[in-house]
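Counting in the numbering used here, the sequence shown runs from 1 upward without gaps.
I should point out that these hints are in silico values taken from the structure, not numbers from a laboratory. Predicted model, so just to flag it, every value in this text is computed and none were measured. It is possible that part of the hints are untrue.
[Unchecked claim] Have a look at the derived ranges for each label pair, beta carbon to beta carbon: (1) Asp232 x Ser266: 17 to 23 angstroms; (2) His293 x Gly151: 39 to 45 angstroms; (3) Asn123 x Met206: 37 to 43 angstroms; (4) Ser266 x Asp20: 18 to 24 angstroms; (5) Pro180 x Lys208: 52 to 58 angstroms; (6) Asp232 x Gly151: 19 to 25 angstroms; (7) Pro180 x Pro295: 35 to 41 angstroms; (8) Gly213 x Pro290: 40 to 46 angstroms; (9) Pro229 x Ala110: 21 to 27 angstroms; (10) Gly300 x Glu204: 29 to 35 angstroms; (11) Val201 x Lys116: 39 to 45 angstroms; (12) Pro295 x Gln196: 34 to 40 angstroms.
Each residue gets a CB set at the ideal place from its N, CA and C atoms; glycine is no exception.
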Amino acid sequence: MFDGGTTITKTNTSYEAESDPVTLLVVRPHPDDESSATGGMLAYYSARNVRTGVAICTGGEEGEIRDPSLDPIADKPRLRELRTHEVTEACEILGVAELRMLGFRDSGMADTEGNKHPDAFLNADRTEAAGRLVQVIRELRPRVIVTEPPGGAYPHPDHIMCHEITMDAFRYSGDPGVFPEAGSPWQPDKLYSIAQVDDGVWDELMPKFVAAGFDMDWMKRRQDHDRGPGPDTATVALDVRSYSEEQRRALLAHRTQISPDSFFVSLPEELRSLAFATSYFNRLFPPCVPGEHEPDLLHGLDLKP
């Protein structure tokens with residue numbers, strides 16, 4: 001059953017109308033996810049005057065508190081509030097015009113106590129959850145949606161659920177007979193997922209990381225077990241190296257989650273822009289033919305006013 005329930009937060013005061021359409025909508029499970037695999041891409045399109053939106057499924061209540069100015073125990077009850085402020089700031093840095101919080105509770109990692117919470121995203125009715133996203137899609141009318149890959153990129157229940165409800169909402173949003181109370185039907189043109197590929201760049205940069213003083217044993221262990229497919233398997237390979245600083249600042253806005261000395265934000269600019277030079281995406285709809293590639297996510301769309 002659809003209950004509405006979408007918390008709406010405006011993040012870009014340069015736009016006057018609360019529900020002006022966006023061209024691109026990114027749907028991610030937690031605050032800070034928008035700034036990681038999709039941060040460079042959001043900044044890329046913002047720099048090209050493409051109006052973007054972000055929908056975050058949960059409040060991130062199960063995250064750790066790494067901000068030294070906060071008490072991990074005393075401040076835990078207000079982590080949702082803190083992370084909402086953080087994602088709002090991050091979206092401003094990335095030039096995101098519209099932020100929507102779907103209002104579910106963070107489920108935590110697989111097989112943890114957070115999974116048992118009755119309000120956890122994992123335990124939400126999938127149809128009702130998709131209905132909340134349908135409301136956002138019909139309000140913001142995106143042409144393109146980007147979300148988690150099938151299986152959620154890694155086995156976190158919220159990443160998996162995010163993919164599933166986005167697939168459902170993409171299908172439902174254009175059907176006037178589904179969730180009629182959620183607004184006028186709107187069918188986006190294209191749906192993409194984040195693509196996890198191994199393009200060999202980190203292998204090439206590993207000696208430079210070590211020379212810069214970073215302990216890379218963790219990455220070597222990870223690469224031994226988690227090699228992804230090659231870059232030719234992705235539909236879109238987007239060059240976002242010019243936006244590594246915006247992505248770094250957006251990640252640092254998540255003070256409860258990202259330490260200033262963490263590897264991903266403390267890399268020197270020249271290494272960071274190379275390490276995160278390309279963002280990869282797979283088109284889920286319309287389905288791709290084998291070997292099909294596009295120059296960017298908006299390829300083939302008529303974007304004239």
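Check: Which numbered hints does this structure break?
Finding: Structure breaks hints 1, 2, 4 and 12.
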